Each structure stands twice: as C-alpha cells, then as structure tokens.
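*Asks:* With the hints as a guide, bring the two chains together.
The primary structure of each chain is shown beneath.
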Amino acid sequence: MKIKSLNHNFRRSLVTYGIVIAAFAVIQIISGMGMLTNSLSGQLVPICAYIIMAVSLNLTVGILGELSLGHAGFMSVGAFMGAFVSVCLTDVMPGWLSLTLALLAGTAAAAVIGLLIGIPVLRLQGDYLAIVTLAFGEIIKNLLNSFYVGRDASGFHFSLKDAPSLNLDETGEIIINGAQGITGMPRSATFTLGFVLILITLAIVQNLIDSRTGRAIMSIRDNRIAAESVGVNITKYKLIGFSVSAALAGLAGAMYAHNFSTLVARKFDYNTSILVLVFIVVGGLGNIRGSVIAAAALTVLPELLRGFSDYRMLVYAVVLIVMMLFNQSPQLAAWRRKWTAKLTRGQADGKGA
Amino acid sequence: MALLEVRNLGITFGGLHAVEKFSVSVEKGQLYGLIGPNGAGKTTVFNLLTGVYQPTEGEIVLDGKSIVGQKPAVINKAGIARTFQNIRLFKDMTVLDNVKVALHNQVKYSALTGVLRLPAYFKQERVMNEKALSLLKIFDLEGEAAQMASSLPYGKQRKLEIARALATGPKLLLLDEPAAGMNPNETAELMEIVRLVRDRFGIAILLIEHDMSFVMGLCERIVVLDYGRVIAEGDPETVRTDPKVIAAYLGGEA
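In order, the protein sequences belong to chains A and B.
First residue of the first sequence: 1, per our numbering; consecutive thereafter.
First residue of the second sequence: 1, per our numbering; consecutive thereafter.
Derived by calculation from the structure, the hints in this document are not laboratory data.
It should be emphasised that the depicted structure is a prediction, and the values quoted were computed from it without experimental measurement.
Every residue gets a Cβ at the ideal spot worked out from N, C-alpha and C, and that includes glycine.
Mixed in with the good hints there might be a few duds.
[To be verified] Restraint-style ranges between C-beta atoms, simulated for each label pair:
| hint | chain 1 | residue 1 | chain 2 | residue 2 | range |
| --- | --- | --- | --- | --- | --- |
| 1 | B | R126 | A | T340 | 20 to 28 Å |
| 2 | B | R117 | A | M93 | 48 to 56 Å |
| 3 | A | T340 | B | G181 | 30 to 38 Å |
| 4 | B | G234 | A | T340 | 53 to 61 Å |
| 5 | A | L14 | B | Q85 | 37 to 45 Å |
So that you can see chain B by itself, here it is in the shape it has in the complex (with noise of 0.2 Å):
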C-alpha cells in the first residue's frame, strides 16, 4: 500500500469548486511534481493535505490511516510536513530556534522542567542543539545558527523553511514551490538538496513548481491539475507531451 493514498478529495468554497475528484497515490521514497497554471488549486492541495482546509468530500490516508478532518498539529506528528509558498518562518527566532520549534514532538521535557532547570533540560537541549546543527549543516545554514531568521537573504529563508519541515521528523515533505525567486544556481543546488534529502531520509516528496526543468529533471511521477481537476498523470515524459497539459499551459483546445 502507498504511503499517502489521496481518494475523489474535494472541497468547494461557497459554490466553486477549488479541487474536484483529486486522488493521487504515493510511494514511500517517491519524488512526486503536482504542477498547473496559476490558480488550479495546488496549493489548495496542500492546505487539504495538512489540515489547513477541511475537505467538503474524499479520504487522505497515511500509512495505513486516515487524517481526514485532523487539525494541522495533529496530521503534523502523524507525519506530514511541509513548506508555504509565501515563506513563513518565526522571523524574530534565531535560524537555530525555528529548527528547533520544529523539533518540539521530537525531543521532549515539561514546561516545569525548562523552568527549574532540572537536568532533563540540559540533556534534551543538547539533543535538540546537535539535531538541529546536523540539519542546519544540509543545507549549509549552520554558519548563521544565530541569526535572526528575518536577517537570511531569500534563497536561505527558503532552504531553513526546508529543514525547518524536515525537523519534524515527517514521512511526506510537501515543498510548495521551493525554487520560487531562486537564480539557476540557486535552483540546481536546490535540486540536488532536495535529492539528498529524499535518499538520505527515505521520504516521499510532493511538491508544487512552476520551473518545469526543475520538476521534469527531479520529479519520477508528476500529477497535473487545471480547474482544481486532474487532467494528467504519470512519468515526466508522458506528461511532457500530453495534448491535454499542453493546451492547459498555451491555452486552445486539447
């Protein structure tokens, strides 16, 4: 059985519907694209996904049980995490401190032991410390551990968002257009991070970009949505020459 089995998910605002009938079925170490023109409700997807939205109609179920109607937190440690396409980071914490919110159902001790101090606090904060400098040295961010994360120039914003995700502990990352704003060079190390995260985690990966080079040279299966509608599915190249995704991005009839 997949790790994520998404089954005729839907949800409408008022009378739109937003996303249709979207089933998808992802595999445990799978790099998985959900690429569309502007507003075909991929993020909508997301925000499903993580418990943001609550579907009118459908079933996601992870590993083996269903998360539908769970609130964000709770589908979180179920082990979903995720990146926001406008990025949100807790600006006035430290690079270090966003990781290591992140880590809070990962490494554990009670409010009254933070505050008395008592020796769990000192053990717990050096795991959390070394945790969050290991994934922060990923992503080549362990220089500024300090810094306010507000004070990081955007492509690293973008990178923390990531292992931010990854401090979670998650089975499923969903990246929502992680390459977004990033020159080529940028981009291509994001390529390779993103691949040496899946391998070195063994996580499955969904994720939502507009640079088709991008999704085409990483993703091993893509989904396509127009009108909160699938109108394709399958490897790069069968998607690639698809009729139907073709007249969805140069408009005209497929």
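Same shape as in the complex, but just chain A (with noise of 0.2 Å):
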C-alpha cells in the first residue's frame, strides 16, 4: 500500500506518456485514411514543438517558479543554429544525419545562451524576473534579425551590419540574410519525429521532476529561504532549471525550422512567448500532462475555428476564459481527480500482476 503510494509520481508519468502515444496512434490512423485537412496536417510538426516548448516553460514557471517571458527567444536561438548547422551540412552527409546534428546544435546552443542570460536573471525575482526574461527574448530577436552570416572559400564570415559588409569573395553564398532569415533548409521535420522528441522531453523534465534535482528545484519553489536552510544551493539549482528549459526550447526551435524553407526571427517574438505561457497557465502550472494537452488542444483550436472565420479569434478567446473558469471550479477538480486515481489504479494494477 504504502510502495504503491510512494509511485505515484512513476504511475502519472506513465498516463502522460500513454496519452501522447494514444494521440499520435489516432493521428496516424486519421491521416492514413486520408481524412486529415491538409491545413491540419500542416500543423502536426508545429503542433509538436508548441507541446515541447510548453513542456519546458513549464519547467521554468510552474516547477522552477520564476515567471520567464522570454521563451520564445531561446526557441529563435535553436531554430536558427539548428537552420544554419542544416544548410551548411545537408550537401556533405546523409539527411538524417545532419538533422540529428542540427537537432543537437540547437539544444545546446539555447542551453548556453540560457545559462548565460541566467545568471545575471535569476539573481532576480518575481516581477522584475519576468521583465528581464521579456528584455532578453526581444533582445535575442533583435540580434537574429540584423544577424548576417556567410560563407566562402575562406570559411566563414559575420556581421552585425549588412549582406555586403559580409565581404564574400565570388564563390560565396549568404546563409542567415539578417531580417529576411535564413532559407535553404530541408524540410525534413516530420510528424514521427515531432512525436519522438515529445517522448524525449517528457521523459527528461518528468525524469528530471522526480529526482534530487527536480525536488531541489522545486523546494527552491516552494520556500527560497528553507532550501537554503537544508543546504540547497539556490544558484545552482535554479541555473539547472532555467538552462534544461531553455535547451529544450532550443530542441523545439530546431525542429521548428526544419518543417519551413525560410524562417526569419520576426516569429518567435513576444507574441510568441505568450502564447506558450498561456498554454501551460491553461494547462496548470507544474502539471506537465496539462501542459501538453492545452498546447495541443489550443493549437489545433484555431484551426478547427476556421468555419466561425471573422469571429475566430473571439470564439478563441471565449473558449479560454471559459475553459480558465472551469479548471478553477472545484467540482471539475474533483472530478478529475476522480478520474485520474481511476485511471492510474488501473494502469498499476495491469503492470503489478
């Protein structure tokens, strides 16, 4: 009984993991009978990076507890590192292998710039955190967006400036053409793939949730001046958290841009980072199941809104509110909670035998 109690934490990861496989069967199914509308279809690669950078904001902002307005940015710095690590490799290996490459690249150049912005960040709190965050994420877009980059027999060439300060000889090719970004990827992000790094992610933050490091984080959280006093260091820990969410967010932007030919750094502004901060305040804060479910469902929503046309983005909003309301009824919570414990025993019960 007791053991049975203290898995709780495996048992719920497990429903989560079976809801995302369940989606992708259905999906999968669905397309196969050719009943998907392409605008649909076109949207199950965004749709998957949505879930991951809802995922690892929420590592951020529920688990860490520091509100991050800036999401968006660290998505921008994986989807162009991993944009640009494509182009100059796809001619010189194998597609996959140059995604995988590109995929990598971009998670570990948003993890570096995570942690570099974390420092200075985290030392704040609260509000003026969340200010900060929103700075750097239009910083970074800024600095893409004047970001020149090319290359010639000579190798490599940067500027701040403009395409001719380049001073590329005649064999060179501009990669990352400042404002209008960076084109000339393949388009090789597919469904499947999206699906995997979801698995990924979850496995990660839910791994990561329910470890040392994750209850290090979380008493961060809960009580700064108590994690101290049992002898959690607070910079470490926190460091810890902003940099994975980060990274992750770079695995999203990298994927993100291989499902485009051109990406330009316009998109992953603040409107951006909103949009991933309502999913996961829908969602629930530190509930990474609600997380993925709200950037799915509220992706897809306006999709599915398109025979209400004008009146879209009312509908969108009216469906928020309400569905904000009643995941604050406690009838509804109950409910859920009901359920959940339902669903769990029964998972449990099935593996247990």
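*Replies:* Right, dumping it as structure tokens:
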C-alpha cells in the first residue's frame, strides 16, 4: 500500500506517455485514411514544437517558480542554430545525420544562451525577473534580425551590419540574411520526429522532476529560505532548471525550423512567448500533462474554428476564458482527481500483475 | 572545546543594535534555551547563526571551524539545521519529499543519473526513502508521507519541520518556538520528542520558546536576551530567580 503511494509520480508520468502515444496512433490512423485536412496536417510539426515549448516553459514557471516571458527567444536560438547547421551540412552527409546534428546543435546553443542569460537574470525575483526575461527575448530577436552569416572559400564571415559587409568573394553564399532570415533548410521534420522528441522531452522533464535535482528545484519554488536552510545551493539549481528549460526550447526551435524552407526571427517575438505561457497556465502550472494537452488543443483550436471566419479569434478568446473558469471550479477538480485515480489504479494493476 | 562557540556577536540595522555582544557556548548533546521578551533579538540570533544575516561583529565557531560570513546552505552543510518561527515547509510537495529535499547533501547522485534513470538512481532513492520514512516515524508522520505538506494540521507541520531539519544530519539543531500554537498535550509530546531526538542523534539543541514550563522543564542551560543583550545565563533555577530576568519579563527596576 505504501510503496504504491510512493510510486505515484512514476504512474502519473506513465499516463502522460500513454496519452501522447495514443494521440499519435489516432492521428496516424486518421491521416492514413486520408481524413486529415491539409491545413491540419501542416500544423502537426508546429503542434509538436509547441508541446515541447510548453513542457519546457513549465519547467521554469511551474517547477522552478519563476515567470519567464522570453521563452520564444530560446526557441529562435535553437531554430537558427539548427537551420544553420542543416544548411551547411545538407550537401555533405545523409539527411538523418545532418538533422540529428542540427537538433543537437540547436539544443546546445539554446542551453548555452540560457546559462549566460540565467546568471544575471536569476539574481532577480518575481516581476523583475519576468520583465528582464521579456527584454532578453526581444534582444535575441533583434540581434538575429540583423545577423548576417556568409560562407566562401576562405571560411565563414559574420556581420551585424548588412550583407555586403560580409566581404564574400565570388564563391560566397549568404546563409543567414538579416531580417530576411535563413533559407534552404531541408523540410525534414516529420510528425513522427515530433512525436519522438515529445517523448524524449517528457522523459527528461518528468525524470528530472522526480529526482534529487527536481526536488531541490521545487524546494526553491516553495520556500527559498527554507531550501537554503537545508543545504540546497539556490544559484546552482535555479541555473540547472533554467538552462534545461532553455535547451528544450532550443530543441523545439530546431525541429520547428525544419518544417519550413524559410525562417525569420520575427516569428519568435513576444506574442509567441505569451502564447506558450497561455498554454501552461491553461494546462496548469507544474502540471506537465496539462501542458501537453493544452498546447495541442489550443494550437488546433484556431484551425477548427475556421468555420467562424471573422469571429475566429473572438471564439478562441471565449473558449480560453471558459476553460480557465472551468479549471478553477472545485467540482471539476474533484471530478478530474477521481478519474485520474481510476485511470492510474487501472494501469498499476495491469503492471503489477 | 564546546561544539558551538559564539563570541561577542553583534548586528546593527541602521543605527539599531539588534543584537550586541552575544556570547554563548553550547556543548555537544546539550539542551540549551534562548529566551527573552518579544523583540529581544532571539530570532535575529538564529538568523546570524545560520547565515541569513551577516553579523557586523563577532565570531561563530562550530566544531573548531569559523562559519562567519558563510552562506546558509554552506552553514547547513557544516552542521547547523533550523526550524522557523513562521513555519516554512515546501507546501506544494509531499511530506516525504519535504524530508527528501533535506537529504540533499546526505544521499547524492547527479542530475544526469536522475534523468537517465541509471541504477544508482534507484539505489539512492531507496536509501533516501528508507531514511526519510524512519525520520517520519519518529514524529509519527509516516502515515501522512504521501500527503501534501500544506494539508497537515498545524502541530504536525511543526513536527515535519523538525524532521526535515534533522534529515540534513546536523550537529546542532536550532528550534525557533517549536511549541508555538500547540495545545498542552502536544507540547508535552513535543518535549518527549526533543529529548528523544537529542538522545538518539546525540546532537545539541538550542531552542527559542515562550512557554516557560517547556523551557524550564527541558533545557539544561538557559540564556536570556533583552534588548539584544544577554542579561542572564545559567541553569534553569538560577535564571528563574534572577532579578534582572524577572524585571525584563514583568517590568520594573532590576
């Protein structure tokens, strides 16, 4: 009895994986039967990217307890790094290898930027921290907007001014062209890739939460002074949480970039950060499964609301308000608890037999 | 040499001398009381000892090593754990996890081990669970292990805070008003627990408390603070009859 209750976290994670796998299977079947509309099938990779974004942002906001308004910045770092690696490598190696390297590079780049930004930002708390992350998000966007990279026989050239100042020779080509962004990525991101990356992200985040590191991070959220008093190194664990969150946003970005042939920095502005924040607030702060469901539902919703044409965003807003009100209602919370208890009990019995 | 040696500790906030020339020497395994009227600076002393505040003067030596100027987390690792006057639990975590957080520096594995679920993760988690549950058992909390800390009744929250502090493996435990808000039954039970903890873990305990029967019945030595200064120090009988202490509590001229 006791061991069962201790394994609660583990079982809750299993249900989340189960939901993702089931959703993937259902969509594969629907699309196999040719019943998926074009606009919706075009949304599949972005949905996966947004789910990863939501899960990773929940690590910062729900688990670490710091409001970040610049998460799209990390996504854009991952997207540009991933796209850049892909464009450079696409001719010299097989597609799967360059894609893997692009995803890894995007993740690593975002992790490094997350760490660098985290060091000053995490000294602040609450509203101040939120505003500074917002500023950093905008700084990243504007830097990428005026970032030029070219390649010629003598190697890579960088500039923050304009394309001619790259001083490329006649063999040169521009890879990242400022506000016009980066072009020529192979559109190699598939729904299956997105599905696998969601599972990897869930595994990382859920395993992290249910570990020594995750508990240290959550203790800072719940009571910083008490966390210090029991020997938790606040700075270290805040940075770990923040950088893992940034790294996974970079992964989402790198995948997202491979769904388009052109990518501009403007796409990852303040609105994107807020959109992802809306996902995790609707899904419940600290609730990983909720983030997955809310990100998927709220990305699909505008597509499904096409029938309302001009009133689409109005209906979207109303749905959002209704969802938040329902999420807050005690009756619904009790109902949800009852059903999760039933569901998890069923799984545990099946496994324990 | 004493376990904790505090000499001439002082801190000023602006022009206010919150604590001045505070000296105390706590032996290994001793039950020490710190009392004084409201606003005397008792909790400030705790905050100085645990690194929450940096003293403007004085020395704190724990087990032969100076710990002045260290951060709270480092001081905890050196061997001082504490509870708080206004309970500070990790309220959105389970009772068990509250204690497991405190085992942070006792049972270790890397973040990567946790994420990749390497064999060491399962082994160390098992050790943690056993240690945490045996601590909860002392405080009769093992039945609530899976509950959220915030859902515990007040008395049990106080006990959980002590269990959590003990999990860090301290040499010295600071209890800030452990009996506050408890009924007489709970207070009597708490006295037993504090004695038990001292005997079982062989640690020194320094406690702040307003409940005089609790302090007098439990502590072997007592130091009295008033307006940030030590006005009396000694065994309970000496302190109880000290005219300066009586004056500080009841008013009047000493």
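*Asks:* Report the numbers of all earlier hints that the structure fails to satisfy, in ascending order.
*Replies:* 2
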